Every structure is written in structure tokens, then in C-alpha cells.
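S.K.: Given the coordinates of chain A, work out where chains B, C, D and E with the ligands should sit on it, guided by the hints.
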Amino acid sequence: GNSKSSSSNNPSSVSAIKKKGTIRIAVFGDLPPYGWVNKDGKRVGYDVKLAHQVAKDLGVKVKFVQVNANNRVDALNSNKVDLVLANFTVTPQRKQVVSFAKPYMKVSVGVVSPKNKPVTKVSQLQGKNVIVTKGTTAETYFTTDQKKVKLLKFDSKTQQFNALKNGRGVALADDNSYLYAWSKSNPKYTVGIKSIGPKSYIAPAVKKGNKSLLNWTNKEITKLTKKSYFVNDYNTELKPYFGKEAKPSDIVLPTK
Amino acid sequence: MAHSGISVLFEGTNFTRLLGGLWVTVKIAAVALIFGIILGIILGGLRTFKNRPLRVVLRLYLEFFRVVPTVVLLFLFYYILPRQMNFNLPADQLATLVFALWVGAEMSDIVRGALISVPRHQIESGKAIGLNRFQLYRYVLIPQSLTLEIPATINLATRVIKTTSILLLISVMDVINIGQQIIEANNHTYPTGVFWVYGLIFLFYFLIDYPLSWWAKRLEKRRLEKANG
Amino acid sequence: MADKVLEVAHLEKFYGKKHVLHDINFSVDQGEVVTLLGPSGSGKSTLIRCLNGLETYQKGTITFEGQKIVPTEKNWQQLRQKIGMVFQSYDLFPNLTVMDNILLGPTKVQKQDKQAARQEAERLLASVELSDYANAYPRELSGGQAQRVAIVRALALHPDFMLFDEVTASLDPEMVRGVLNIIEGLADQDNMTMIVVTHEMNFAKQIADRVLFLQDGEILEQTSSKQFFSNPQTSRAKEFLDSMDF
Amino acid sequence: MADKVLEVAHLEKFYGKKHVLHDINFSVDQGEVVTLLGPSGSGKSTLIRCLNGLETYQKGTITFEGQKIVPTEKNWQQLRQKIGMVFQSYDLFPNLTVMDNILLGPTKVQKQDKQAARQEAERLLASVELSDYANAYPRELSGGQAQRVAIVRALALHPDFMLFDEVTASLDPEMVRGVLNIIEGLADQDNMTMIVVTHEMNFAKQIADRVLFLQDGEILEQTSSKQFFSNPQTSRAKEFLDSMDF
Amino acid sequence: MSWAIIQQSLPMFGKGFELTLWLSFVGIIGSIVVGLICSLVQYFRVPVFHQIASVYVEISRNTPLLIQLFFLYYAFPVLGIKFGAQLCGIIGLIFLGGSYMAEGFTGGFNGVSKSQVESGKAIGLSRWQLARYVVFPQGFSLSVPAMAANVIFLIKETSIFTVIAIPELTNTALDLIGMYYRSNEYLFVLVIAYAIILVPLSIILTLLEKRVRYGTFGN
Ligand SMILES: Nc1ncnc2c1ncn2[C@@H]1O[C@H](COP(=O)(O)OP(=O)(O)OP(=O)(O)O)[C@@H](O)[C@H]1O
Ligand SMILES: Nc1ncnc2c1ncn2[C@@H]1O[C@H](COP(=O)(O)OP(=O)(O)OP(=O)(O)O)[C@@H](O)[C@H]1O
Ligand SMILES: [Mg+2]
Ligand SMILES: [Mg+2]
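Chains A, B, C, D and E supply the protein sequences, listed in that same order.
Numbering follows our numbering, with no gaps: position 88 of the first sequence is 182.
Numbering follows our numbering, with no gaps: position 158 of the second sequence is 173.
Numbering follows our numbering, with no gaps: position 49 of the third sequence is 320.
Numbering follows our numbering, with no gaps: position 219 of the fourth sequence is 490.
Numbering follows our numbering, with no gaps: position 187 of the fifth sequence is 1395.
Simulated from the structure, these hints should not be mistaken for laboratory data.
It is possible that part of the hints are untrue.
Chain E side only, calculated, beta carbon under 7 Å to chain B, not exhaustive [stated by the list, open to error]:
| id | residue |
| --- | --- |
| 1 | Asn1270 |
| 2 | Thr1271 |
| 3 | Pro1272 |
| 4 | Ile1275 |
| 5 | Lys1364 |
| 6 | Pro1375 |
| 7 | Thr1378 |
| 8 | Leu1395 |
| 9 | Phe1396 |
| 10 | Tyr1402 |
| 11 | Ile1404 |
| 12 | Val1407 |
| 13 | Pro1408 |
| 14 | Ser1410 |
Just so it is clear, the structure is predicted and the values come from calculations on it, not from any experiment.
All residues carry an ideal CB built from backbone N, CA and C; glycine is no exception.
The shape of chain A in the complex, shown without the other chains (with noise of 0.2 Å):
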């Protein structure tokens, strides 16, 4: 597609985000602690609250769709939200088609798996179901790297644990990031295999060309980093939710 888009007529410019009052944020809404919706129907998690911060910086409102992992890209490049702030793992693919900002998280792909029957090394998988959802890391690790692992492929998070839950799979792969804080309240279940695949970070994402908007993001990520403003963030947001598997530096990056 052509997503050129000069400043002057860009819908998801920071000068046109403060002229509307409302930036439009894409987040999950059913991927706790990043992104979901809690029993009283509010938005809450890791990413929701950097969003709120976000706005807040930028002196606007928020207004936020909700995506899953495979419609993050389009969400962005038909002008439906100005940035992405859903657990989107930075790739070469991704960078061709969306732009970046500084990075505000580590992730690589987890694998979890029942305890009674854990996995532990890839080579485990070779010829059994692995649930992924579409348009994740995951999916194009396993997709690209381990062709002999059968994958059965999801839309949505809710959908890839159900199925996980049913035994449709030995495992399901997904960012370990929150393969930990689902471990912990399926204590059934475990991240047998903590870290496959290249490491690599989560980060805010605007359409490409996106310039200003970009620009803005980077400067803001690096002053909350300083700020120390993610370690807050993974104490009140992630910690809670996840096991003993995991410190804060597995996560946040350092402040630098």
C-alpha cells in the first residue's frame, strides 16, 4: 500500500492530535497486565497506563481501540489510531511497514506448558500443536526458525489460553513477557522455556512518515525513562501479577 502521508495533511501529526484534543491509542483488551478490560469494565494495564501518560504529556485526551496482534499494522496505516501502544515487538518485517519509536520494554518468545507435563527444550515440540495467535513474534519465529512444530493459530489471547486451557495444544507460544503473569494465575501451568529465539523489545509504534509524531515519542520515552517512570509502572502495573519468575530488569530496560 502507499502510506505516504505529507505532514500537512497528516491526520496523526502532534500538531493535529492537540488541534483534535484526542489521540487515538491502539491497545489489547484482553491481555492482562498489558492491555485489558478488568471486572468493572475499565481499561487497566502496563500499556493502558503509559497511554494515559502519554495523552496526559501530550495535553490531550485518550480515546483507545481496542486491536488484536494480527490488525496492529492496519490499525495504524488506514489512519484508524495515531500510535500503537500494544505489546509490539520491534522486528525487521514490522520496521518496513510501521515506524518505531525508542524501545520501553525487553520480550523474547516464551513457551509455557502444563506442569504435569512441561516443556522444556524446543526440540520437544517437533510434530506437536503449539498455539500461537496470529501476527505475534511468536508465530513468525516458529513459522520461520522451527518448521517441523505444527502451529495452530488464534485471533485473539482469550482464544489461544482457552485452547491452551482445552488441551488443544502440548504448549502455546507467546511474548514471555506475559507468559509470566499468566503463569501466575494458572498455577497449572509454567514458562518451561523462558527465553527462545532473538531477543528483542517492545516499543511504541506511529504510521510510517509519521515524523512529528515520532519525534514527540522518542523524546517522551526517553525524559519517562529517566524519570524512572516504567519501573513505577512495572511495580503498580506487572508485579502483582507475576511470579516469582521474574525481576524487573527482565523487563524494563535500564535507565540510561
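M.R.: Showing chains B, C, D and E with the ligands alone in chain A's frame:
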């Protein structure tokens, strides 16, 4: 064990949230139906004209919407419209548009079918007393085709309502999407919540659609009785 | 010679490749009643429908009240106010009451004053003894009653000329008479010019000034009624007449 | 007194609350031809359909060949092989050829030998001059031809008794004669016992031994054919006869 | 739009295409069987089964396939009943299609005119013979357009299988889009793939509708 899970529905604001989601669903279906039916009536009428290019174009429109699954239509519009035509709508409005166009296509076929099934001699009787084409439609064809159209239209409405279930795929906050949020949020407190939440949604759809299809059946039965004397 | 209301010259009609009317020539004078007889499929309905623009024809001319008709849909629509037609299948509009069926032409096509049109409709309904049924719907009428209303509906436009196509063919035998009486009245008292297609030989005998006998789309005979029924010229017409009274 | 084939006693029939047959009493002797006359809606079809078990009745008895009929669907199904019926609307099965239409009853219901049944069917088809149409489908037949096949289909079961309900009513006038000829043949040559509902007065006069005149579901007259047509007893019957020949 | 991208994706779409066809085929055959059983049970008014069939038809017709599948795939295992994804898809499709087919057949049987039934009775046919020689042959012909419409409908419904991770056509397209972000190309292939299956069917449907409208039987 399963019965304990039912309370997930009444935890916090869950039930009202589900109803809210249902309202989104119903609203999209209703608005799409209203616009789609109006569009379909116009197109259906046009399709009875003898103008060949017009008929071919309208036929292609119908075939496109009839052949492409609604899920795919949604994605087509969702992905392609904004980028190729710089035409941007929030997901729920976009869904309404897609559904309306789809309803318009199906409706045009219903209307055309009903219009051409008005007996030929009725048209001739109309002509014989000097009615012009517009008057023929206004006083003879349209009123007489209504009894055929109404049951078919109600059935179409039930189909549209059922099809709203796929809205979840383009992240409209419909009843199913909200249901998934609730399932996820209450995952460890109510492991059987999935059963009850989907069960309730199942019931919601049934409660909306069943009366409609019952009504359509009754109208259809009465029409047949009338037709057979 | 009297005023010619209608003149048909060299009319030819095809359905696709099927030649159903061959070189039809005849005329109808003011006040004359012509009956069109002939076996089933001989082209009677087709001919009469050509005269009302419900069928297109491929050759020939139709001249009405001295004017050659240019057969466009628009012209026909105008002419149909002057050339009334009643069909076999008493085709009232089921969605309208008897009164509305009758008023549709006068008020919507001729833009007559609604009040005046209604009075006229009431007069006509009374003349066919159906005053009580003004607000009934067609399905509440018997076949004979519906057919009488259909005639009134055509008459309400005050046509100069009437075409009747087997208007009693789908009626119960007992109901036939009422309808035929009305047509007879139109012929005798109102001196209406008309063409009548019918299978009721007695009726044809009684009403017709002249008979056109059609066979395979050709006019085989065209004589006075008296001559046709007493002494038909062609053997085919004779055979036809024989078969009609069992 | 001759053998009574059929006896109807105190028959009453309601459609919901509508009382359509009132205390019907009559009988038919072996070889007798009874015609049922009466205005439209008087209950002729309803009565004849009761005699074939196509309608239920609420009171009264029907006795056939000396046996009182217990009106269950099963009994009727047996009896219908002996009581043939032909309807107005020449209802051949469109999915079967003429031959298969005729063979269905003899081979499937009566389990006759297929070869023999076919020979008999051919004989019957020949008798109505339709030998050439054995392999045609009903849509390829004219109305008159189809109606003749429908009669053959009923006769193929060799019924003792035939019911005809206005079998010529939906035919073109020219086709009526062929069908009536066949029924006449059945009456005269085959001495078939039958009840015939018809609107063709000349035909009724010619064929009937006895006439039942029905009005509003009651038998108003029940006399010999000669007497009925020359000198009807009730004024209603007289009126009816008058209306029939215009 | 890049042809290279399209070409690269064709093997994957090929697999999805096969799967869509296969699942549709099994689902449609199953639906016809279930529909036939239901409509026969209803036609002959078999006690108990007749009521069961009615309840089934109403439930199936008035709820979305997507929820039916969610139930089968995600909720049933909670009760200890578990089927594989493809089996769930097929069961769901048959559950849905069975009622549509049943309505189609029943409509056809009811469409056989009363006078045909009476003619059959008049020559002494038993209830079963009447069904066998008159009602069913004519009823099936009458139900053919409804059947064809149902076939198209059911094939389209297989696109919903994407929600239970069956890699049919739609799932394949969405998956590729999620990984490589070439939505134009993949959606184009997807639409073409459905057109290849459904356009011929739609044309046949139109022809069938015409044929039945003019009441042709025999050859
Ligand atoms: N729409 C049509 N298409 C093709 N042929 C037609 C059409 N209408 C009539 N015909 C044919 O034209 C011929 C004349 O038909 P027409 O209806 O005028 O006969 P008719 O004399 O009115 O017969 P009837 O007494 O049965 O009404 C017949 O051979 C008929 O089959
Ligand atoms: N299925 C029905 N339900 C209710 N009333 C009926 C039904 N069939 C017939 N009737 C009524 O029963 C009466 C007798 O009808 P029937 O058809 O027997 O008359 P008929 O003498 O055969 O008339 P025709 O000469 O018009 O055939 C009529 O008043 C008719 O309206
Ligand atoms: Mg005619
Ligand atoms: Mg009758």
C-alpha cells in the same frame, strides 16, 4: 462444578456490560437494515427495468456481495478502503456500512423477485386504464409485492443479526468481544466462566432472532393460505 | 359510409420467429359491434392486444379516429384512455377497494376532480347493481361481480371504444348472464363501439353487427353476423360452429 | 329394485362452523348414471369428495356395495381402488410419463403384473385415441388430452364406480367434446355406475338417468332426468335451468 | 499490488483452498443427511422425534454459527467433551446446515399442490406410496433452488472457522496478513479463491431458479 460458574455473569458490572455489547450489536444490525432495505428497494426496482447496462451493473453488485463471505467483506473494507481511498471510519461505522451494502444487495434480489412475481395481467390491467410506469409501480406493483417481501425481509434481518457475531474480528466492542474480555478478566476465579458467558450470548441471539423468524413464518403461512384461497 | 373509428391495415405480428398474425385488414365504424371468433390459438387475443398497445407489431398500421398511431409506449399510454379493455381474468387490483380500483384511472391518469369522479363511479356501480360493494375488496366478490367491476373500471375513463377479451370465460355459468347483459346494454343503449372476443355463440349472435372469423392468424371470413351464423362461407367456420353446440 | 351400489344416509358436513351439507340422503343403483347439478357453492364438490374419502364428514353413513364404510384413512385407501374419481384440473403427475401415470395405481397399489397392466393401459389409451402419447410427459399434452389421460388413469384400476367433478370446466370449448364422448361411452357401452357433476346441461340431459339438484348444501330435487329437464318441481331449479341457456 | 507476493503465497492458499472445499463438502453432505432425516420425521409426524426436530431447527436457525463454534470448541471442553478443531467445524456446520436443509426439503414437500396429493389418493396410493411416488419426487425438484442457495451459504460460512484456528482460506489470509502485512495481495487472492468456488455455483443457482419457476420435469 459447572453451576458455580454462573455467578460470573453477575460479578461486578459484567451483566450490564454484556447488555451494552448486545446493544452495540443490535444498533449496528438495525441501522444497517434500515439503510440497506431502502437501498435494496431502490436497486430492486431498478433491476426490473429493461436497461441492459444498468441491469448488468446491478447484477454484478449483487453477485459480488453474494459470493464473498461477509467476514471477508468486512476485512476488505477494513483494510482496503481507508488506504486506497483515504476514507476512514471507526470500526462500528465501517461494519454498519458493510452490512448495509450487503443487505442492499440481498434486498434488491428480494424486491426484484417479488416485483416480477406480480402477475403479468395485473400490469396489463394497469396499463389498460392508462397508468404510466411510475403510477404502475406506485399503485400496483409495489403494494402487491409487499406481502411477498415482508417475510423474506424479516428472515434477512435474522440473518443480519446472526452475522453481527463476526464483528469481533474487526474489534468492534460487540457482545462477543465483551464476553471475551469478561472471560479473560475472570479467568482464575471462574474457570467455567467460558461456558456461561458463551451460553448467555447464545441465549441473547436466540431471544432476538426466534421471535423474528416466528413472525416471518406466520406471515408467510398466512400469505400462502390467502394465495390458495 | 359511416365514420371509421378504427382502421387496421396489413398488420403482421411475430412472436420471435412464430408468425401469429398474417396481413390483418379491417375497420370498425362508429357505434358498430364486431365480434372476433375463432378456435383457440387462432390469434384473437393477440390481435385485440395489439389494438391496445399491449403487444408490439412488426408491420402494418393502426389508425384510430383518423390518426395513424405511432406505436410508442407514451402514445399508447395516452390512447388507452380512449380505448378501454377488459380481460378474461377479472383483474382487479387486490390491494385496492372496488371504489379505489375504479377511481385510479379517472383521478390519477385523467386528473379528474375526485368528488366528481366518485359520483360518476357510484352511478356506474349502480348501473351494474353493485352499489353495496363500493368499499369491498376484490377478494370479497364473486367472479361475476368482479368482472362487472372490471367493466366499470374501464368505462370510468369514458373511452370511445371498448375491447372485451373473453370476459366470461372464467365465470361460473350462472354468473355469465349478468356480465353479458351489461355488454349488451352498452351496445344497444349507449351505442358504444366495440370489439368482443367470446366463446358464447348465442351471445355473439345476439350482439354482433359483424363477425371476423380468425384461423391461424388469418381473417378467414368477415361478414355480417346474420350471414355468418346462418350460412358461413368457409368449411372451417362451419366446422367451428358445429363444435360449439354440443 | 336393482342392486344398490351406493347409499348415503343423513350425511352432514361442516367446515369449521360452516354447515355445507345438510342431511343428504340418496342412493345409486348398479349401472345408473346420476348427475349432480346446482349453482356454484351449493356443495357439489364437497359431496362428491366425501364419497371418495377426500373430505371427512361429521354425521351420517355411506354404504358401498352393501358394506357400511368405517371412515378411516386406511379403509378409504382400500376403497378408492373401487371408487374412481376424476377432477376438474386434469392433475396428472408432472414427474411421470403418461404411461407411468396410468400404471402407478395398477402396479403399486393393486400389485398387478406389470406386463398385463401395461397391455391394459395401452388398450385404454387406444380407446381415447392417445396411443401415441404413452411416453409423453403431461406438459406436452393439451388440456383435453391430459383430461382424457386422467380418466384412463382412474379406469385402469377397474373401479366399480366413477365420480366426475366438472371434468370439462377448465377446457377450451373445442376440446370439451372429446372428453364428454368418452364419459358417454362409459355410461352407454360399459354400463359404468357413476356420479357426474357438470355445467354442460345438454350433456347432462343426454347422459343422466337421474338428477340430484343441490342448493345451499341441501338436495332440493331428486328426480329422473326427463322430468327434471322438462318440468322441474322447485322454482329454484327452474331458475337455474333458465340461467344456463342464454 | 505485487505479483511476486501473490505467487509466494499461492502454496499456502492452495492448502486453505483444499481444506475449505473438503470441510464444505463433508459439511454439506452431512447437512443434507440431517436435513433429510428431520424433514422426513416432520413429514410423517413421527411422534417425539418430530418435536425434537422442530426444537433443533429453531435453535440452529436462530443462533450464529460463530457462537455455536465457540461453544463446541471453547465451552464444551469445560464439561469434559472435546473435539478437534476440524471436527468442531464440521459438527458446527452440519448443526447449522441441517436445519437450513430441513427447511428447504419441507418447503419443497409443502409446495407440492394439494390437488396432486388428492389425485394420488384418488388412485388408492397409501401414505407411503403417496410420499414415494408423488410428494418426494416433486418436492425434491421444488426444493432444488433452496438447496443450491444453502450450499452457497454453507460454503461461505466456513470462513467463520477462522475463529477456531482451522487453516481454511480466510484463516490463511488473515494469518499471512498478520505476519507480512500485505493485505492488498492476500485479500485479493482470498476473494478470487472464493469466486472460483462460488461464482459457478451462483450461476447454476440462477439457472435452477428459472427452471423450477417454469416447472420443468422429465427431460
Ligand atoms: N407470448 C407468446 N409467445 C409466443 N407465442 C405466443 C405468445 N402468446 C401467444 N402465442 C401464440 O400465438 C398464437 C395466438 O395466440 P392467442 O392467445 O392470440 O390465441 P387466441 O385466439 O386468443 O386463443 P384462446 O381462444 O385460447 O384465447 C398461439 O399459437 C399462441 O401459442
Ligand atoms: N376448505 C374449505 N373451507 C371452508 N369452506 C369451504 C371449503 N371448501 C368449500 N367450502 C365452502 O363449502 C361450500 C360448498 O363448496 P363446493 O366447492 O362443494 O361447491 P360446488 O357446488 O362444488 O361449487 P362449484 O360449482 O363452484 O364447484 C361453499 O360455500 C364453499 O365456500
Ligand atoms: Mg385468447
Ligand atoms: Mg365444485
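S.K.: Determine for every hint whether it applies to the structure shown.
M.R.: Hints, verified against the model:
1. The interface hint given for Asn1270(E) holds, since its Cβ lies 4 Å from the closest Cβ of chain B, which is under the 7 Å cut-off.
2. For Thr1271(E), the interface hint holds, the least distance from its beta-carbon to any beta-carbon of chain B being 5 Å, beneath 7 Å.
3. For Pro1272(E), the suggested interface contact is upheld, since its CB lies about 4 Å from the closest CB of chain B, less than 7 Å.
4. The beta carbon of Ile1275(E) is positioned within 7 Å of a beta carbon in chain B (closest approach about 5 Å), and the interface hint is therefore held.
5. For Lys1364(E), the interface hint holds, since its Cβ comes within 7 Å of a Cβ in chain B; the closest pair sits about 4 Å apart.
6. With 7 Å as the threshold, the beta carbon of Pro1375(E) stays out of range of chain B, its nearest partner Cβ sitting at about 15 Å, so the hint is violated.
7. Against a cut-off of 7 Å between C-beta atoms, the interface hint on Thr1378(E) holds, since the closest Cβ of chain B lies about 6 Å away.
8. The restraint placing Leu1395(E) at the interface with chain B holds, with a minimum CB-CB distance near 6 Å, inside the 7 Å limit.
9. With its C-beta approaching chain B no nearer than about 9 Å, Phe1396(E) sits outside the 7 Å limit, and its interface hint is violated.
10. For Tyr1402(E), the interface hint holds, since its Cβ comes within 7 Å of a Cβ in chain B; the closest pair sits about 6 Å apart.
11. With 7 Å as the threshold, the beta carbon of Ile1404(E) stays out of range of chain B, its nearest partner Cβ sitting at about 10 Å, so the hint is violated.
12. With a cut of 7 Å, the hint placing Val1407(E) at the interface with chain B holds, because the nearest CB-to-CB distance is about 6 Å.
13. With a cut of 7 Å, the hint placing Pro1408(E) at the interface with chain B is violated, because the nearest CB-to-CB distance is about 10 Å.
14. Taken as an interface hint, Ser1410(E) checks out: its beta carbon lies about 6 Å from the nearest beta carbon of chain B, inside 7 Å.
The structure fails hints 6, 9, 11, 13 (numbered hints given earlier, in ascending order).
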